[in-house]
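Participant: For the record, the sequence lines run as chains R and B.
Heads up: the first sequence at position 25 corresponds to 448 in this note's numbering, and the numbers run straight through without jumps.
Heads up: the second sequence at position 29 corresponds to 452 in this note's numbering, and the numbers run straight through without jumps.
Hints are computed from structural coordinates only; laboratory data are not their basis.
Any given hint might turn out to be false.
Copies of the same chain are indistinguishable here, so a pair counts whether it falls within one copy or spans any two.
[As the list claims (entries may be wrong)] 20 Å max Cα-Cα, derived EDC-like pairs, lysine to aspartate or glutamate:
(1) Lys-512 to Glu-551
(2) Lys-512 to Asp-429
(3) Lys-539 to Asp-440
(4) Lys-517 to Glu-495
(5) Lys-517 to Glu-437
(6) Lys-517 to Asp-490
(7) Lys-512 to Asp-490
Number of protein chains: 2
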Amino acid sequence: MTVQMDLKRIIINEVHDHQMVMLRETEGDRSFPIVIGIFEATSIDRRVRGLPSPRPLTHDLIVNVVDQMGGELQDIYISELREHTYYAKLRIRKDGELVEIDCRPSDAIAVAVTAKVPIYVAEDVIVEASGEQQ
Amino acid sequence: MTVQMDLKRIIINEVHDHQMVMLRETEGDRSFPIVIGIFEATSIDRRVRGLPSPRPLTHDLIVNVVDQMGGELQDIYISELREHTYYAKLRIRKDGELVEIDCRPSDAIAVAVTAKVPIYVAEDVIVEASGEQQ
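With the rest of the complex left out, here is chain R (with noise of 0.2 Å):
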């Protein structure tokens, strides 16, 4: 099972390297933080924020070479949670079919802002990260 669920807050912490990124239920009141680098997240703070930039950064190429190659952008998936690491996957649609591409979940949810498209969770990693919390 599938859960939907937004990026909520990104918390920005210029004195360590160890960002946090929030996700959040759609419709629901579960949530749970990821621990990304100081790239990804100013990555993803300048994207919610709408800030624009000249040239194509990082995440703003990969979701322009998806879509040169013919490729539409589904949806980003968090599909596992193993020894506190998080896995994710940029899922594509291409010719009629799904193409899944591993990735960190911090290149993902950066894509998933960029392209404007949902994020999903698999109802296990919310579960356990959840529990990871207390």
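Chain B: place on chain R using the hints.
Facilitator: Same frame as chain R, but now just chain B:
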């Protein structure tokens, strides 16, 4: 006219945010620097040193997207220097056609180093870049 160049040096200075890569002609002596951000510099540096990463990093993801969308990265091309800003493209073969995707040179070089494809630069850019250094 295009000229093949190699990544000659990466100069990382953690005190400020402007790092530098130096490109040099594969069959010649001309070279020029490109100023890039710290994220791109460390990403390039990791790859040149062959440091392993347990999960696909952002530029691995770009290469994987090209691959899984059925494209073949041919080379990267630094096509233009305009008002002190370099412009680049990923050049991808797909279904017998050449697809060019605009990007920043720092992303292009990180992709080239990841996918082990050549770096080409427009002759005009080399001439102008050499002029700017004087």
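Participant: When no copy is specified for Lys-517 and Glu-495, does a C-alpha distance of 20 Å or less occur within a copy, between copies, both, or neither?
Facilitator: The answer is both: 6 Å in one copy and 16 Å across copies each meet 20 Å.
Participant: At most 20 Å between alpha carbons: which applies to Lys-512 and Asp-429, within, between, both or neither?
Facilitator: Classified as within; 16 Å inside a copy, 33 Å across copies.
Participant: At most 20 Å between C-alpha atoms: does Lys-517 with Asp-490 qualify within a copy, between copies, both, or neither?
Facilitator: Both. Shortest intra-copy (10 Å) and inter-copy (13 Å) distances satisfy the 20 Å Cα cut-off.
Participant: Cα distance capped at 20 Å. Does Lys-512 pair with Asp-490 within a copy, between copies, both, or neither?
Facilitator: both (17 Å within a copy, 15 Å between copies)
Participant: I want to check one pair: Lys-517 and Glu-437. Are their C-alpha atoms no more than 20 Å apart within a copy, between two copies, both, or neither?
Facilitator: neither (39 Å within a copy, 42 Å between copies)
Participant: Under a CA distance limit of 20 Å, which applies to Lys-539 and Asp-440: within one copy, between copies, both, or neither?
Facilitator: Close neither inside one copy (26 Å) nor across copies (29 Å); limit 20 Å.
Participant: As a check of your reading, is Lys-512 near Glu-551 (CA-CA no more than 20 Å) within one copy, between copies, both or neither?
Facilitator: within (18 Å within a copy, 42 Å between copies)
Hint check: violations occur at hints 3 and 5; the rest are consistent with the structure.
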